[in-house]
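Mind docking chain U on chain P? Use the hints.
Protein chains in written order, with this note's numbering: chain P, 359 to 698; chain U, 359 to 698.
Think of the hints as simulated: they come from the structure by calculation, not from any bench. Some hints could be false.
[To be verified] Stretches of chain P that chain U covers, calculated by requiring three or more beta carbons in the stretch to come under 8 Å of a beta carbon on chain U:
#1 391–398
#2 437–446
#3 651–664
#4 676–687
[Said to hold, decoys possible] When the alpha-carbon atoms are kept at most 20 Å apart in a straight line, the in silico PhoX-like pairs for lysine-lysine are as follows:
#5 K425(U) x K476(U)
#6 K458(U) x K476(U)
#7 K576(U) x K542(U)
#8 K458(P) x K693(U)
#9 K693(P) x K458(U)
#10 K645(P) x K542(P)
The C-beta atom is built at its ideal place from N, Cα and C for all residues, glycine as well.
There are 2 protein chains.
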Amino acid sequence: MPIFAVTSAQDFVRLVSDLPGVDMLAHDKAVSRQASLTKPAGSLGRLEELAIWLAGWQGKEVPSITKPCCLVFAGNHGVAAQGVSAFPSEVTAQMVSNFKNGGAAINQLARLAGAEFKVIELELDQPTEDFTIAPAMSEAECCAAIQAGADAIPDQADFLLLGEMGIGNTTSAAALAMAIFGGKASEWVGAGTGLDATGLARKVEVVSRAINHHQPEKLSAFECLRTFGGRELAAIVGATLAARHCRIPVMLDGFITTAAAAVMVRVNPFSLDHVMIGHMSAELGHKRLAMELNKRPLLDLDMRLGEASGAVVALMIVQAALATHQGMATFDQAKVSPHD
Amino acid sequence: MPIFAVTSAQDFVRLVSDLPGVDMLAHDKAVSRQASLTKPAGSLGRLEELAIWLAGWQGKEVPSITKPCCLVFAGNHGVAAQGVSAFPSEVTAQMVSNFKNGGAAINQLARLAGAEFKVIELELDQPTEDFTIAPAMSEAECCAAIQAGADAIPDQADFLLLGEMGIGNTTSAAALAMAIFGGKASEWVGAGTGLDATGLARKVEVVSRAINHHQPEKLSAFECLRTFGGRELAAIVGATLAARHCRIPVMLDGFITTAAAAVMVRVNPFSLDHVMIGHMSAELGHKRLAMELNKRPLLDLDMRLGEASGAVVALMIVQAALATHQGMATFDQAKVSPHD
Numbered sequence: 359m360p361i362f363a364v365t366s367a368q369d370f371v372r373l374v375s376d377l378p379g380v381d382m383l384a385h386d387k388a389v390s391r392q393a394s395l396t397k398p399a400g401s402l403g404r405l406e407e408l409a410i411w412l413a414g415w416q417g418k419e420v421p422s423i424t425k426p427c428c429l430v431f432a433g434n435h436g437v438a439a440q441g442v443s444a445f446p447s448e449v450t451a452q453m454v455s456n457f458k459n460g461g462a463a464i465n466q467l468a469r470l471a472g473a474e475f476k477v478i479e480l481e482l483d484q485p486t487e488d489f490t491i492a493p494a495m496s497e498a499e500c501c502a503a504i505q506a507g508a509d510a511i512p513d514q515a516d517f518l519l520l521g522e523m524g525i526g527n528t529t530s531a532a533a534l535a536m537a538i539f540g541g542k543a544s545e546w547v548g549a550g551t552g553l554d555a556t557g558l559a560r561k562v563e564v565v566s567r568a569i570n571h572h573q574p575e576k577l578s579a580f581e582c583l584r585t586f587g588g589r590e591l592a593a594i595v596g597a598t599l600a601a602r603h604c605r606i607p608v609m610l611d612g613f614i615t616t617a618a619a620a621v622m623v624r625v626n627p628f629s630l631d632h633v634m635i636g637h638m639s640a641e642l643g644h645k646r647l648a649m650e651l652n653k654r655p656l657l658d659l660d661m662r663l664g665e666a667s668g669a670v671v672a673l674m675i676v677q678a679a680l681a682t683h684q685g686m687a688t689f690d691q692a693k694v695s696p697h698d
Numbered sequence: 359m360p361i362f363a364v365t366s367a368q369d370f371v372r373l374v375s376d377l378p379g380v381d382m383l384a385h386d387k388a389v390s391r392q393a394s395l396t397k398p399a400g401s402l403g404r405l406e407e408l409a410i411w412l413a414g415w416q417g418k419e420v421p422s423i424t425k426p427c428c429l430v431f432a433g434n435h436g437v438a439a440q441g442v443s444a445f446p447s448e449v450t451a452q453m454v455s456n457f458k459n460g461g462a463a464i465n466q467l468a469r470l471a472g473a474e475f476k477v478i479e480l481e482l483d484q485p486t487e488d489f490t491i492a493p494a495m496s497e498a499e500c501c502a503a504i505q506a507g508a509d510a511i512p513d514q515a516d517f518l519l520l521g522e523m524g525i526g527n528t529t530s531a532a533a534l535a536m537a538i539f540g541g542k543a544s545e546w547v548g549a550g551t552g553l554d555a556t557g558l559a560r561k562v563e564v565v566s567r568a569i570n571h572h573q574p575e576k577l578s579a580f581e582c583l584r585t586f587g588g589r590e591l592a593a594i595v596g597a598t599l600a601a602r603h604c605r606i607p608v609m610l611d612g613f614i615t616t617a618a619a620a621v622m623v624r625v626n627p628f629s630l631d632h633v634m635i636g637h638m639s640a641e642l643g644h645k646r647l648a649m650e651l652n653k654r655p656l657l658d659l660d661m662r663l664g665e666a667s668g669a670v671v672a673l674m675i676v677q678a679a680l681a682t683h684q685g686m687a688t689f690d691q692a693k694v695s696p697h698d
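Looking at chain P on its own, in the form it has when it is part of the complex (with noise of 0.2 Å):
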């Protein structure tokens, strides 16, 4: 059954204004938890943090992951048209087919990280519209994306990484970004695959002309998804917003997912509570859209690939986190002498 269904821009501010919380109660328990631990208060730093957030999400005090689910979602966009990325519009399918074949990045660290890997293709003979002309997407299809999304997660999935491939795709997330956030083309856009100077500089004149055009500032958060969104960010979108309804936490990967959900914060403050950055991308603007929305990314190893390479590495971060939670033994069990 679909966690739910979403077929006009009303229906999605209606299921990002109404959402499921933390269960406090796990979470103070897990907080107690950790401090019978053998070791000193807080020395696990953010895999303390970890824990504990999983513990509210999954309303125990000792969570577990069983059924880690890594979706990349694939999408093709017009404004490559521009002559915005250092690869052809064709290495999209090209990559959709790598990643059935299990030659790609993110292959290898599924299998590693015990995740379960799915790729969901969205039209991609069927590119969006050139946003320096006209909204990338129709409200119908920007909703059948955000549908798609939803209904990629798997039953009985407990921890979602979220992940895209798309040639052009830094663009649609720089100009989306730009149009939630505000600042200047140049503090969003970067080399994306490897633009050179020139590559870079057109991209920046592409974003700065489809944000003059479309006036974002008047435009609602659904809106700017569909203007400047491809069909893979409103995926993730979808994703993100289906997982908050089953209370599943989210690991983004890198600049794009994390520009894509950032689309949820404009309607609602606290709908991406539930939500994690795997990895602070080497893209130019993924800093400062991490700080938009006060979220530290839990890696930062210069990577800049998407795939939902970041946030696949990430996971086991959170299994470091789970193994210590779960198993360390307490002060009283160890017979360790507690702090004086």
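The following block gives chain U in isolation, referenced to the frame of chain P:
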């Protein structure tokens, strides 16, 4: 057969001075391999760096880790009598029991990461001298601890993770780092396992007094180690040095292990080329120490536990690097169009 024998300061200097280097042929082949894999050039960031680093030290284009070994050295410190820790000295032996019983953080983390775990007790009932009064160790004691570290490396180990346990040892590490790199005690002394402001001020005073007493600017690297280091710090030096003679890559944990290994760069600036730092400790002095060594820790998760916990979490990042380097398809294999 022991990797080497150290019975004097001269032995130590000779062993640190004459070291095998990286296999540049394997290193360069790994660089070429990375460029052929289906991803934008450089987009796996430090995962690429790690794979290439391992290739160079293992002398193989496609390196692998089959027997990662985590060694935790435990020692007791005379300086603990100065009231520099939030925990009493008995906790060192209590935590060693906890390690042996599988109840500590490192037990859970080593199991998760698939690392063999070994704890090495270094005469816990014989604390070092209080270094505010006399050198912590004699030349012979320091050599014996270095030797113990070297001898602890298991046969067939192909990756080493080094950690420590010892009430009072952040004080020892701070004094050692200050002895080697200069600066003020307040720049090197942190809260350790959780000192309050009064305890912290006392710890700063203790380190200042010890440095004034011993005048380390007149001491050799070995003399600094025996004067301010504990047995577990000397053992970490020994294990790091022996690993280098066997071309085994080493992952250091945090502040204390880094301070210990830093002794080697005073003798030979290239002596830590086979070493990475796993985690940027929340302990005050680690950031500066990492900068002095020109090494960027892989992780920054606010951890400050020791026990090799940061090193073993970082091992999972290394495994991610190897999985991608080993398993990804090339552009040719996957029929993906390369960069424009």
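Discussion item. Hint compliance check: list the failing hint numbers for this structure, sorted ascending.
Written reply: Violated: none.
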